[in-house]
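Student: Can you build the whole structure from these sequences, using the hints too?
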Amino acid sequence: MLEINEINVYYGHIHAIVNATLHVDQGEIVTIIGANGAGKTTIQKTIMGLLHSPTGGITFEGEDIANCPTASIVGRGIALVPEGRRIFPRLSVADNLVLGAYSRKDKFVSQDMDKMYQLFPRLAERRSQLAGTLSGGEQQMLAMGRGLMSRPKLLLLDEPSMGLAPVLVSQIFHTITDINREGVTILLVEQNARRALAIANRGYVLEAGKVVLEGLANELATNDDVQKAYLGE
Amino acid sequence: MAKPALQFAQNLAHKPATAIILIAVLLGFTFIDSLDLTEEYIFGAYAKHILFISLIYSVVTLSLNFVTGYVGQTSLGHAAFFGLGGYVSALTTSLLHLPYGVAFILSGLVAALVGLPLGAPALRIKGPFLVVVTYGCGEVFKFIAINLDITGGPAGLPGLISPTLGIAFSDIGVTGKEAFIVAALILALVLAFIMYRLEDSRVGHAFAAIRQDEIAAASMGINPAYYKLMAFVFGAFFAGLAGSLFAHYMSFISPDMLSSNESIMMLTMVVIGGARSIPGAFLGAFLLTITPEFLRFVKDVFGLSYDPWLVLFGLLLVVMMRVKPQGLLGAETVFRR
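Chains as they are written, first to last, in my numbering: chain C, 1 to 233; chain E, 1 to 337.
Keep in mind the hints are simulated off the structure, nothing from the lab.
The beta-carbon is built from N, C-alpha and C at its ideal position, and this holds for glycine as well.
Some clues are possibly wrong.
As the list claims (entries may be wrong) - Heads up, incomplete: computed chain E residues facing chain C, CB under 10 Å, no partners named:
hint	residue
1	Pro4
2	Gln7
3	Ala9
4	Ile215
5	Ala217
6	Ala218
7	Ser219
8	Asn223
9	Asp300
Stated by the list, open to error - A few chain E residues that don't get close to chain C, going by computed Cβ distances all over 12 Å:
hint	residue
10	Leu26
11	Val131
12	Cys137
13	His205
14	Ile210
15	Met220
16	Ile222
17	Leu328
To be verified - Incomplete in silico selection of chain C near chain E, CB under 10 Å:
hint	residue
18	Gly56
19	Val98
20	Leu99
21	Gly100
22	Ser103
23	Lys107
24	Ala198
25	Arg202
Tutor: Below is the structure:
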């Protein structure tokens, strides 16, 4: 579904992503794990067209998207739930969801909003509240709901568990599995490697911008190096 | 005690009934002398001059609010569009001898067209950098006007025709300013209405998203560059129209209209009134037009050797930034702290 082939991304003189190649197949949950600054977020931003790679290519459903503007990438069915949620704090919960459907022109937006309220009942209670007044967990739910409002085929999640209480972390990971079961393919970036590998089909390990390891999630979870570096065992 | 009072004033200012009453008062002010009730004029030409200037700056403040308020781009070069509109209109009527209506529309269109390439750098830079670039652009315009022959050089262009609608604007009413006041009021109201309708529209939502988080907005499929340019061009268009009306009211235009002082004053009106508040834009424009005029009397009465306005202006800015950085009627700050 998504093929990333030998991309390189630079921030000025810093070589943030080095010859990264990875792919995501239809229906999968794929996770990218790695330390702070390994380049996980950079890869997601590059997929969205927010950053660009001078080399290699990115294709989505067989079409080259490497040089597409972000708006057209969203239109093709990829949505990003960014790191730190990045909800619009001074808009209401409902308006945040409406903006998630910005790229759509069909009539089913309000229907999908009801679906989001079913998926995240807390958001329904707070629909007219300013998003900035929500708790961290609620903001994460809103960010995910907003991402889903574009009806993506592929959802990119960047550190959805960041800064959340353990109970909420479990809830968020449950929801991710639910969303995947509904047919949305997921590329999950996480520092919480244990949790991520538990729900993923496959995983990539990123170190200093390089893919150093890849494989089935359960194999990675039992890999000695991964255990030492990311699972603390 | 000050807080609830201010809250009350804020709520009152945003009610439609308030707007209707204020418009009625303004029109009454404008036309009471035409009724010929008393021996002498009740308000006279000077007061009406101040009213017209306040209304023109209201249009300019609203148009700058579009750029600074809606997409959060601080511009210190807005006077360039105001002046450009004036010059385009002056040259269209005096050199090409076209009717004022054509000149008026043309002044807006040219300002918008010039705003397009000038808006482009605004897509790449933000904050202090954008302030410096817009300031520089404004200065360039001033020096072009000073050095070209066609614009009359530093002396400017005198003898601009009065706009006509059957009869010349300057022949209507007892002071010749009444028709200009009504025209400025209509322009301000049209712009205010567009902005009011925009707030809850798809475009308005996109503006809000870009202002609050550009990366998140882009991730939603909103093209920030497109909307930023749109705001810039739209703001330039209305500033150009206001400039045209202003120049023909004065019947004279000079490079002073393009000065950076003008731009700074326009931005101050936005900030004092409150970003994105439509009544706030009017309040900022009226306050900063009327106060210096009033203080001129204070200076004369007390025989001061300095202009108290500049002292008060500085003080006002400092106090505002301390106690109400979001402006008198604004809900949130223009500048992030």
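Student: Determine for every hint whether it applies to the structure shown.
Tutor: Status of the hints after comparison with the structure:
1. Given hint, Pro4 (chain E) at the interface with chain C, is violated; its Cβ is 22 Å from that chain's nearest Cβ, farther than 10 Å.
2. Proximity of Gln7 (chain E) to chain C is violated relative to the hint, the smallest CB-CB distance being about 18 Å (cut-off 10 Å).
3. Because the closest C-beta pair between Ala9 (chain E) and chain C is about 22 Å apart, greater than 10 Å, the hint is violated.
4. At its closest, the beta carbon of Ile215 (chain E) sits 6 Å from a beta carbon of chain C; the interface hint therefore holds under the 10 Å criterion.
5. Among the interface hints, the one on Ala217 (chain E) holds; its C-beta lies about 8 Å from the nearest C-beta in chain C, closer than the 10 Å criterion.
6. Annotation: Ala218 (chain E) was flagged as interfacial toward chain C, and the flag holds, the nearest CB pair being 5 Å apart, inside 10 Å.
7. Annotation: Ser219 (chain E) was flagged as interfacial toward chain C, and the flag holds, the nearest CB pair being 4 Å apart, inside 10 Å.
8. The closest approach between the C-beta of Asn223 (chain E) and any C-beta of chain C is roughly 5 Å, which is under the 10 Å cut-off, so the hint is satisfied.
9. For Asp300 (chain E), the shortest C-beta to C-beta distance to chain C is roughly 46 Å, which exceeds 10 Å, and the interface hint is violated.
10. Residue placement check: Leu26 (chain E) keeps its beta carbon more than 12 Å from all beta carbons of chain C (closest about 32 Å).
11. Against the 12 Å criterion, Val131 (chain E) stays outside the reach of chain C, whose nearest CB is about 23 Å from its own CB.
12. At roughly 27 Å from the closest C-beta of chain C, the C-beta of Cys137 (chain E) stays outside 12 Å, upholding its exclusion from the interface.
13. His205 (chain E), annotated as away from the interface, has a beta carbon of chain C within 12 Å; the closest lies near 6 Å.
14. With a minimum CB-CB distance of about 10 Å to chain C, Ile210 (chain E) fails to clear the 12 Å threshold, and the non-interface call is violated.
15. The claim that Met220 (chain E) is not at the interface with chain C is violated, since a C-beta of that chain comes within 12 Å of its own (minimum 5 Å).
16. The claim that Ile222 (chain E) lies off the interface is violated: its Cβ sits roughly 6 Å from the closest Cβ of chain C, which falls inside the 12 Å cut-off.
17. With a least beta-carbon separation of about 19 Å from chain C, Leu328 (chain E) lies farther than 12 Å from that chain, consistent with its non-interface assignment.
18. Look at Gly56 (chain C): its Cβ only gets to about 22 Å from chain E, farther than 10 Å, so that hint breaks.
19. With its C-beta approaching chain E no nearer than about 7 Å, Val98 (chain C) sits inside the 10 Å limit, and its interface hint holds.
20. A cut of 10 Å between beta carbons decides the hint on Leu99 (chain C): the least distance to chain E is about 5 Å, and the hint holds.
21. Here the hint on Gly100 (chain C) is kept, as its CB sits about 6 Å from the closest CB of chain E, short of 10 Å.
22. Interface hint status for Ser103 (chain C): upheld, as the beta-carbon distance to the closest one in chain E is roughly 3 Å, under 10 Å.
23. For Lys107 (chain C), the interface hint is violated, since its Cβ never comes within 10 Å of a Cβ in chain E; the closest pair sits about 14 Å apart.
24. Contact between Ala198 (chain C) and chain E, as hinted, is not supported at the beta carbon level, the nearest pair being about 27 Å apart and thus beyond 10 Å.
25. Hint status for Arg202 (chain C): violated, given a least beta-carbon distance of 24 Å to chain E, over 10 Å.
Of the hints listed earlier, those the structure fails to meet are numbers 1, 2, 3, 9, 13, 14, 15, 16, 18, 23, 24 and 25, in rising order.
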